[in-house]
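Engineer: If you want the building blocks of each chain, they are given just below.
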Amino acid sequence: MSESVVWLTIFVLSVFVGIEVISKVSSTLHTPLMSGANAIHGVILLGAILVTGLTDSTPVVVLGLVAVVLASINMVGGFVVTDRMLQMFSSRNRGPRS
Amino acid sequence: MTPTWAQVAYLLAAVCFIVALKGLSSPKTARTGNLIGATGAVLACVTVFFAEDLKHVVPILVAIAVGTALGFVGAQRVQMTQMPQLVALFNGVGGAAAAIVALIELHAAVAVGHVARFDLVAIAFTILIGTVSFSGSLVTFAKLQELMTTRPVIFGALPVAFGGGLLAAIVLGVVVVASPVIWAGIVLALFGLALGVLLVLPVGGADVPIVISLLNAFTGLSVAAGGYVLSNTLLLVAGTLVGASGTLLTKMMATAMGRSLLNTLFGALRGGSTMGAGELSDRPVRSGAPADVAILLAYANRVIVVPGYGLAVAQAQHTLRELVDVLAEKGVEIDYAIHPVAGRMPGHMNVLLAEARVPYEQLKEMSEINGDFKQADVVLVVGANDVVNPAAKTTPGAPIYGMPILNANEAKQVVFMKRSMRPGFAGIDNELLFEPTTTLLFGDAKDTMSKLLSAVKAL
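Chains C and P, in that order, are what the protein sequence lines are.
Numbering follows the numbering used here, in which position 56 of the first sequence is assigned residue number 56; successive positions increment by one, without gaps.
Numbering follows the numbering used here, in which position 281 of the second sequence is assigned residue number 379; successive positions increment by one, without gaps.
The following block holds chain C by itself, in its conformation from the complex:
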């Protein structure tokens, strides 16, 4: 099996997992789900770290660092704001806290 086919296989299977895994979500959770998915694509941080860390050219490093900052905002902010939304959902099940 050639390498491109391996990648294609991973891609196609991931599409099915992505669809299957959220197929039964209630509209109540649409917003947190979107926000959580938004945080997950923040892993582009990994790519930003890789391209920055594997180059010697200074302009590229600077550009790469910009990408690192932006990706970190996406990832950290995404998870934190999702947690803030969901915190409210769970607190009402335990009754009001003061």
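Simulated from the structure, these hints should not be mistaken for lab results.
It is possible that part of the hints are untrue.
[Unchecked claim] Straight-line alpha carbon distances no greater than 27 angstroms define the calculated DSS-like cross-link-like pairs of lysine-lysine that follow:
1) Lys-428/P x Lys-349/P
2) Lys-126/P x Lys-24/C
3) Lys-349/P x Lys-24/C
4) Lys-544/P x Lys-462/P
5) Lys-462/P x Lys-126/P
6) Lys-120/P x Lys-24/C
7) Lys-24/C x Lys-510/P
For this one, chain C is given, so just place chain P on it according to the hints.
Structural biologist: Just chain P now, with coordinates in the frame of chain C:
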């Protein structure tokens, strides 16, 4: 080559993301799911530092610290009413990061001289979609923040500009693939930025959430393509997961609003979604005083509250909860009817009411409560408009035609709390306002709500 242990760590992180999405689909497991997702992300980021022989580690760590601080503070400080635009902003910067990564990869590819053709396709794709997502998200941000008009922005040349831009972008993409040069990548990025703006401008305010979700899926796909370029399985899997689930989520949101996706994006270009926009009607309406409404509510058997975005903007949800509590003590059977798209995003209203500590049991979804309106003595509509507009059922051609609505018009009495006769976010008149069974309470929702509350307490 990435060491095997690191590959396994990436696999674990990918599993965390799948579990996270699964968890986020159910209220009980949602918070845990999000935490698992965050754990996977941290695991992946720690792994990359040990797996690869990286240079410039200190500046990278500083950049991560800066981004983390900005993201954290932004997420902590944001008002819950403004949360949709923050999500749009986070999505946009993610798209920008993906585009930059692809540009750097193109630069490296040009230097090396020989790169697999399909890698270049993925690079071009990432640059284009990443930049579209970035600039598109910024426009949605501006619309939601009301920095610009929330109405569709259309000018005659727009379809031509969009079509021409898209064509040019495709040509540039072919150039990047056929003979990789860095300027082609940069120009492609500029076209991407322009296309993102043109894509979102004609979208009406009420449809913006759908577009955010779509751009979210776009960013996911560009991250997936970036993962292919970098031969990183985690980026490929995570990006594809978000791309696929985001597309499905977009479709579900559009269905909840009775719109097709194409109609959302291009409806305004055909003139459909501007119909009747913004004209004030001078037909007579019946307005009342808080004291009259207090009596109406206190002596009703069954009351249904329909909350909308106006409630949250006025920060009246705490007062509303108090009012509902007082009425419930008086023996009124009272619930909240939550339209799927109440607020600015599906599920947004649930978040806003949860913040005001409204008990979960009182929040009824549309399908659950729509049959109850017939028995309701009073429906109290607070800062909502489009979600109870019968035009969705009766007026083909109205922008919201086909959107499922709450059947408030079936109740014996309807009370609207509104700031003015201004139409809702969709920009159309609401027939229900002119019905003889309807009473209007004009004023700031918080102010009026406080008056109503003291009037009910005084009874």
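Engineer: The structure should be examined with respect to each hint, and the outcome stated for every one.
Structural biologist: Here's how the hints hold up against the structure:
1. Lys-428/P x Lys-349/P: At roughly 43 angstroms apart (the allowed maximum being 27 angstroms), Lys-349/P and Lys-428/P break the hint.
2. Lys-126/P x Lys-24/C: holds, 14 angstroms
3. Lys-349/P x Lys-24/C: OK: Lys-349/P and Lys-24/C at ~13 angstroms, within 27 angstroms.
4. Lys-544/P x Lys-462/P: holds, 23 angstroms
5. Lys-462/P x Lys-126/P: holds, 17 angstroms
6. Lys-120/P x Lys-24/C: holds, 9 angstroms
7. Lys-24/C x Lys-510/P: violated, 35 angstroms
Of the numbered hints given earlier, the model fails hints 1, 7; all others are met.
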